Structures are given as C-alpha cells and as structure tokens.
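Engineer: Chains as they are written, first to last, in the working numbering: chain E, 197 to 391; chain Z, 197 to 391.
No wet-lab data here; the hints were simulated from the structure. It cannot be assumed that every hint is accurate.
For chains that are exact copies, the list does not tell them apart, and a pair is met inside one copy or across any two.
[What the hints assert, rightly or not] Straight-line distance between alpha carbons at most 27 Å, and here's what the computed DSSO-like set of lysine-lysine pairs gives:
no. : residue 1 : residue 2
1   : 329       : 289
2   : 380       : 229
3   : 276       : 380
4   : 293       : 233
5   : 280       : 329
6   : 380       : 329
7   : 329       : 377
The model shown is predicted, which means the values in this text are computed figures rather than measured ones.
Protein chains: 2
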Amino acid sequence: MHIGIFIYPEAEVLDFAGPYEVFSTAARLCPTKAPFKVSLIARDKAPVRARAGFRVIPDYDISQHPELDLLIIVGGVHTKEMDKPEVINWIRKQAAKVKLLASVCTGVFLLAKAQLISNHRVTTHWEDIADLKQQFPTLTVVDNVRWVDNGEVISSAGISAGIDMSLHLLERLVNRELALKTAKQMDFDWTENGC
Amino acid sequence: MHIGIFIYPEAEVLDFAGPYEVFSTAARLCPTKAPFKVSLIARDKAPVRARAGFRVIPDYDISQHPELDLLIIVGGVHTKEMDKPEVINWIRKQAAKVKLLASVCTGVFLLAKAQLISNHRVTTHWEDIADLKQQFPTLTVVDNVRWVDNGEVISSAGISAGIDMSLHLLERLVNRELALKTAKQMDFDWTENGC
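Based on the sequences and whatever the hints tell you, model everything.
Structural biologist: Spelled out as structure tokens, the structure:
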C-alpha cells in the first residue's frame, strides 16, 4: 500500500513529519499487516523549503510517482498552492484514483479549491475555521474535533491533529490494535474524537 | 538564541521534527520574547537519510556552525553514532558551551557515551530503559515520565515526548504563557509530568 504525502514550500513541518512517523512506524512494527510505503511528493523534485527553513527532499514529483492508495495534503502557508493550477489539477486527478484522501490543518483549503468537497463536513486549524467557512460557504465546518471522517475524505484539525487522524486512518486501513501499538511505540497520547 | 538539533542517519523523524516545530512556532508567535533560530546539525553537510528514508538537509555540519544555546540530541538508530569519536567528541565539547543540553528518546545514550551524565536521573524510550540501565549502571533511569530535568541536562521519553519536553524547555527559556500558546498553536495536548 502506497501512502503519498504532498508537501510544498512553507508547508508546516509537523503536518508532514507526524503522519510520516505514524505510517512508517506502523510498517516497521507489522510489515505483514501494514505493508506501507510512505513517500513525500512535491511539485518538483528539488528540495522543498518547508516552514521555518526546514529543507526536505521529496521522493517524487507530481509528474511521476507510484500509484497511491492514500493521499494526504498537508497545511501550512497553503495560499500560494491555491493559485497553482498544476497542483490543484494533480490533487483532483489523484482523488479519482486513491482509496482515501486526507488533509491536515489548512490542507483542506486545497481539497476545497480542487472541488473535491462541496457540502461535506470538514475541519481545519482552529485559527482558520472562519476563513474556511467564508471562502467555501457550502461546507459544514466543524470545530473542536481532532478529525472529521466522511468516508472517502478525512480532514484533521491543526498541525498535531494530523498524528491523531493518521492513527485513525491506520485503524481504518488495518485495525485498532495496530493503531494503539503504533501510538505506544511513538510514546504518543492519542487524542480521539469524543462521542 | 540559537537552538541546534543534532541529526544523523536513521534518526527518528518525529524526534527532530517535533522539537523543530515547537521552537520555530514559538519564534513565529513571539519573535521578541523568543528570538529563536533553530538549526539542524549533522556530521556532514550532505542530506541525511533519517528513519524510513526521510531525507532532510542539515543547516550546518559539526565542523562549522553558530554558537548554540541549547543542543538537542535526538534518538532513533543511535548505535552507529556511539562508535563515531568525532560525533561523541563534538557533543562533549558543545556540552561545555551550551546553556542547556537535551536528549529525545535514545539520544540519551549518546550523552552517556560522551560521559556527560554519570549518576544523573534520566529517561528514554520505554523500550530502551533496561538497555540504558545495563549499559550505564551508574545512571538512575526513570520510567513513566515525559522528561527528566536535571538543571543543565534534560532527557525525554520516546519519540513524541520530545514535543512535551520542548514545551517544557520553552517554559524554562521564556515563560509558561508562551509554552501554552505554542501548544495551542500546534493544536497539541501537552502532556506534562505528574506530581
């Protein structure tokens, strides 16, 4: 199973490092049940300067990468990505192919821009809730949850909530036992949604 | 104030990305009170292949970098680093210069190897507690805490505990208000040590 994490200039570091850690740790703990390969994908193959100057080398660019089962769109300074048709078109095309599509933090703005969500229930960073409602008024934007699961599209709250959501995706893709085991390996106090 | 995070091949991704996120977010939220610059430092200037193939470009190598106020040694597959005299010597020399020295996860093994801790109270990843006790029997190794603060040397438990410890360091370096504000910005449920 191939998990792609889309990164871009000024992407928030923990938005991609958190999910990367979850899925790669799960794969290490249980390679038979979680035969995951995790890749960072960017518009270009050049190193990406994420937020605060953190430089990371993508594994693939959007023009050529393996088929993905799960695509995660991260947040950060997402505004410039909104204006890149090649990025938005790539996300739209991938959405038609992947099993699951997820966003961390303000990554949900890119899903909305790509018209992949319209009247969905979604969430984002608490600071961007009002902005998301204003820009995409047909969405039902939910506050005070770690993630919102629509079946095929899952969105998480801010930054560290991407870790909580990734553990949830792990539960969906494999089982709860591996999600709990992965959280324990990461010494992470998994915050799940309340009832 | 300059914060250096030492990374190496097979370092655990969240061990360095977590603290990086904490200090760079704090600097963004309050540049006057937290005039932090965060840098990744490696043995060489070449890209570092961290755990699960995550490739990151260090800002400096150990032969030439700015003076550091805080040095964080991360964990992961630390065993090969134990056998690199140039790395261990560099850590030892830096320890004499920095205000604070910290470890995440198994990074504490490198501090012990550099003879920077002897009869200190320390912690590490739950899976490595027994190994640390055995290799360095004069240490008092503590379990079930997020971090142990010795004043000048602070060690954290596994992987995600590096985020909790970094927030604690932020409280020490600036104040509690900024630590809480940073956790909120990261949408992170800060787990502190119990009483």
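Engineer: Name the hints, by number, that the structure is in violation of.
Structural biologist: Per hint list: zero violations.
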